[in-house]
Amino acid sequence: DQQVKQNSPSLSVQEGRISILNCDYTNSMFDYFLWYKKYPAEGPTFLISISSIKDKNEDGRFTVFLNKSAKHLSLHIVPSQPGDSAVYFCAASGDFGNEKLTFGTGTRLTIIP
Amino acid sequence: GAGVSQSPSNKVTEKGKDVELRCDPISGHTALYWYRQSLGQGLEFLIYFQGNSAPDKSGLPSDRFSAERTGGSVSTLTIQRTQQEDSAVYLCASSLASSGGAANTQYFGPGTRLTVL
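Going down the list, the sequences are from chains A and B.
Take the first sequence: its position 70, counted from the start at 1, is 74 in my numbering, and no numbers get skipped.
Take the second sequence: its position 47, counted from the start at 1, is 784 in my numbering, and no numbers get skipped.
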């Protein structure tokens, strides 16, 4: 039962354009969402997060949007840079008493110079 | 500042042997998590520590897997009688607290790549 889904395994975007990564979830108890970026042979690096009481959070080139009614969130990167090429994981946590993260399967983003 | 560290970075072992994986969390982080990522899969939760106790072990795949944490700091994940399906990258993360929201932002170590031959 995949509670967090990233339906696009890969995405290619031209340098300077906007990258949009999508994530859907099924568990309405999730109340905190995070995006992690992962390079090969490294652990995931925290990128940006959003609480369920908000619908948008922005940090520099990165913006996360949350649509609670659709149980959908997205990560926008603009402008995309070659260093953004990595695997991006969406993760969610809820008030389950332990805040463990449930991860999607990741989207490999390739920025084309 | 020091992040989460894990050792060893790589471990190759023979089927049936026991292995120990170590995690040093960020200083002051009370919550510690173990995850694993098998080939082509997402990250899978294994176990969570709050201080030295493990309120949630629900992700441990079998009784061959155990973990402990001492002094509210270092944690060790032990896999007994390893099997080939245990081959994966084992990741440790820590967070300031487990009370939800931003305090739960988890910071990951580089992982230990375990290969069972």
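Hints were generated in silico from the structure; no laboratory data involved.
All of these numbers come straight from a predicted model, not from anything done at the bench.
Mixed in with the good hints, there may be bad ones.
Stretch by stretch, here's where chain A covers chain B in the computed footprint (C-beta under 8 Å, at least three residues) [claimed, not checked]:
hint : region
1    : 806-819
2    : 843-849
The list that follows gives simulated cross-link-like pairs (lysine-lysine, DSSO-like), each with its CA atoms no further than 30 Å apart [said to hold, decoys possible]:
hint : chain 1 : residue 1 : chain 2 : residue 2
3    : A       : 9         : A       : 72
4    : A       : 9         : B       : 794
5    : A       : 75        : A       : 9
6    : B       : 794       : A       : 75
7    : A       : 9         : A       : 60
8    : A       : 60        : A       : 75
All C-beta atoms, glycine included, are put in the ideal place defined by N, C-alpha and C.
Evaluated hints:
1. 806-819: violated (count 0)
2. 843-849: holds (count 6)
3. A:9 x A:72: holds, 15 Å
4. A:9 x B:794: holds, 23 Å
5. A:75 x A:9: Holds: residue 75 of chain A and residue 9 of chain A sit about 11 Å apart, inside 30 Å.
6. B:794 x A:75: holds, 28 Å
7. A:9 x A:60: Holds: residue 9 of chain A and residue 60 of chain A sit about 20 Å apart, inside 30 Å.
8. A:60 x A:75: Within the cut-off at roughly 14 Å; holds.
Hint 1 from the earlier list is the only one contradicted by this structure; the remaining hints agree with it.
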